[in-house]
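Asker: The chain contents come next:
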Amino acid sequence: MLEIQNLHAAYGKVEVLHGISLEVPKGKVVTLIGSNGAGKTTTMRAISGMIKPASGRLSLNGIDITGMSSNKIARSGLAHSPEGRRVFATLSVTDNLLLGAFPRLTFGRPRGDVEGDLKRIFDLFPRLKERENQLAGTLSGGEQQMLAMGRALMLNPDVLLLDEPSMGLAPLLVEEVFRIIRELKSRGITMLLVEQFAAAALNVADYGYVLENGHISVHGPAEQLKNDPAVREAYLGAAH
Amino acid sequence: MEILAQLIVSGIALGMIYAVIAFGYQLTFATSSTLNFGQGEALMLGALVGLSLVGYMNYWLMIPLVLIFGAMQGVFVERVAVLPALKTKSEFGWIMTTISLAIIFKNVAENIWGRDDLTFPSPLPTSPLQFFGIRVLPMEILVVFGALAIMLAVEIFNRKSIYGKAVVATSNDRDAAGLMGINTGMVITFSYALSSMTAAFAGVLVAPLTLTGATMGVVLGLKAFAVAIIGGLNSGMGVIVGGLLLGIAETTTGYYISTGYKDVPGLFLLLLVLAIKPAGMFGKSVIKKV
Ligand SMILES: Nc1ncnc2c1ncn2[C@@H]1O[C@H](COP(=O)(O)OP(=O)(O)OP(=O)(O)O)[C@@H](O)[C@H]1O
Ligand SMILES: [Mg+2]
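Keeping their order, the protein sequence lines are chains X and R. Sequential numbering of the first sequence, starting at 45, is according to the numbering used here. Sequential numbering of the second sequence, starting at 1169, is according to the numbering used here.
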């Protein structure tokens, strides 16, 4: 499980996160919602070590990961499917997926059944199987998103961070993404989910946090947030 | 006709040397967007260390030791000149630091091996072979195959092994590679090791054909830089074609016009490519979908 205590983060001198605390218990799906620029992506980046937190404490399975580099955090069992997908454009779909398992293939984490997991990812994302030898840069946006999620899953992570997996996708694909998130949840994968479709995110999540200008304004069980008048007005009114 | 064929054959050997050094520029550029402007000095050090070693062993046993030396020299360059510049986020600091280090290497070499050019004993017979009236030195054949072999080996490593794929991933997107658990700092250090290793290898390949000395890398490094720009900083095919083009242009100009002008076609080619296709003949912009 993932615990964040009083996290502050900044870009240069501009502080963006002003002391965030949240918790992602084992086997649960937690969602972080908030308007554009609230600091959701920054929170994800600080957790996975893409940026160094200014202060605060992060722990993964009880181990302090504050200030560790992103590659060490990944090897500790945290996978991050970043905003904007960030697939490796000049590598094939299969190579992208294998790189997701890099720590397992290089003695950084227990190897387990990498080949079997690769097959299971292809079962979960049949479109990727059809394009296994295609270069990732030539995939459609939706396919790249599937690849980014599949690649993160190849770590066999203890905690999975998903940053806007439905961004820029057609409605049918958005549904597909949520179907997969639900499927992952049923397999017991611990997730922290950031989504623009707050209603859908709260439907799949167990617990939710609302981020406003770098502060957590409200948090509670997903059911409760869905019925909170302030949350409904600000985040669920315009959403589907 | 026969003379032209002869000039082309000599140009090919020279061109492959340019190609290998240019390939070395590409290796570090891919992972870190930085270049080692001391690439020519890496070649020179490889050649001189090799020369000292052949006093104690034969040429073929010397090669692996020179490769190890080259790799260590590359790590040194990265740690001393490049890493500090990247850490301070100084965008062009590495240019000054790698050039300075190159000058220091040249001075050190002058102190150890002297200022005079030395002769590197050829491991192969020095009498040329005849093919349809064209004379080819056995050493020239070795240069061509050796150059191709080392480039091919790196290419296979990148495509087939998980560590090579990690190098390619780092070149694609360093932050995303970090999220995969790849230590991208180590990847950059490794690319410097590989880059200097290929240059050192080029050094012991070319040394028996030319004069060996502290200044031998200056012009070679500069011309290979032109080849890297001509061929494109991200195209393996580009440096081979660019290298051959430059090598052949030089030998033919040297013969038909004047040896005094043999450096002109390279410069001309460079200006032409920069004007028409600044990414290089084979340079490609990576496909990105948003
Ligand atoms: N690399 C950066 N450099 C400087 N400022 C940044 C950088 N990335 C984000 N910011 C700023 O930090 C704040 C939070 O950005 P962040 O990307 O975390 O928001 P977000 O909640 O993910 O928004 P969105 O819903 O649009 O993805 C914004 O004001 C943004 O302008
Ligand atoms: Mg965001």
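It is worth saying that the hints were derived from the structure and are not from the lab. We put the CB at the ideal spot given by N, CA and C, even for glycine. Any given hint could turn out to be false.
As the list claims (entries may be wrong) - Some, not all, of what chain R presents toward chain X, calculated at C-beta under 10 Å:
#1 GLY1282
#2 ASP1284
#3 THR1287
#4 PRO1289
#5 LEU1292
#6 SER1295
#7 ARG1327
#8 LYS1333
#9 ALA1334
#10 ASN1340
#11 ILE1350
#12 GLY1353
Stated by the list, open to error - From the structure, some residues in chain X lie toward chain R, with a derived Cβ separation under 7 Å:
#13 ALA118
#14 LEU149
#15 GLU219
Said to hold, decoys possible - In the EDC-like style, the derived pairs of lysine to aspartate or glutamate whose C-alpha atoms are separated by at most 20 Å in a straight line are:
#16 R:LYS1328 to X:GLU176
#17 X:LYS72 to X:ASP202
#18 X:LYS229 to X:GLU219
#19 X:LYS116 to R:ASP1343
#20 X:LYS229 to X:ASP202
#21 X:LYS163 to X:GLU127
#22 X:LYS72 to X:GLU277
#23 X:LYS96 to R:ASP1343
#24 X:LYS57 to X:GLU47
#25 X:LYS72 to X:GLU227
#26 R:LYS1328 to X:GLU159
#27 X:LYS173 to X:GLU159
Asker: Confirm or reject each hint.
Answerer: Hint check results:
1. GLY1282: violated, 46 Å
2. ASP1284: At about 47 Å, which exceeds the 10 Å cut-off, the nearest Cβ of chain X leaves the hint on ASP1284 (chain R) violated.
3. THR1287: This hint is violated: THR1287 (chain R) lies away from chain X, its Cβ roughly 44 Å from the closest one there, beyond 10 Å.
4. PRO1289: violated, 42 Å
5. LEU1292: violated, 39 Å
6. SER1295: Where the cut-off is 10 Å and the nearest Cβ of chain X is about 46 Å from SER1295 (chain R), the hint is violated.
7. ARG1327: holds, 9 Å
8. LYS1333: holds, 5 Å
9. ALA1334: Holds. Min distance 6 Å.
10. ASN1340: holds, 4 Å
11. ILE1350: At 6 Å from the nearest chain X Cβ, ILE1350 (chain R) passes the 10 Å test, so the hint holds.
12. GLY1353: holds, 8 Å
13. ALA118: Holds, about 4 Å.
14. LEU149: At 5 Å from the nearest chain R Cβ, LEU149 (chain X) passes the 7 Å test, so the hint holds.
15. GLU219: Result: violated, 21 Å to nearest chain R Cβ.
16. R:LYS1328 to X:GLU176: holds, 16 Å
17. X:LYS72 to X:ASP202: The hint holds at about 11 Å.
18. X:LYS229 to X:GLU219: holds, 15 Å
19. X:LYS116 to R:ASP1343: The given pair, whose Cα atoms are some 13 Å apart, holds under the 20 Å limit.
20. X:LYS229 to X:ASP202: holds, 13 Å
21. X:LYS163 to X:GLU127: violated, 25 Å
22. X:LYS72 to X:GLU277: violated, 26 Å
23. X:LYS96 to R:ASP1343: holds, 13 Å
24. X:LYS57 to X:GLU47: Distance of about 26 Å is beyond 20 Å: violated.
25. X:LYS72 to X:GLU227: Given that 20 Å is the threshold and the Cα spacing comes to 13 Å, the pair holds.
26. R:LYS1328 to X:GLU159: Between LYS1328 (chain R) and GLU159 (chain X) the Cα gap is close to 16 Å, so the pair holds against 20 Å.
27. X:LYS173 to X:GLU159: holds, 13 Å
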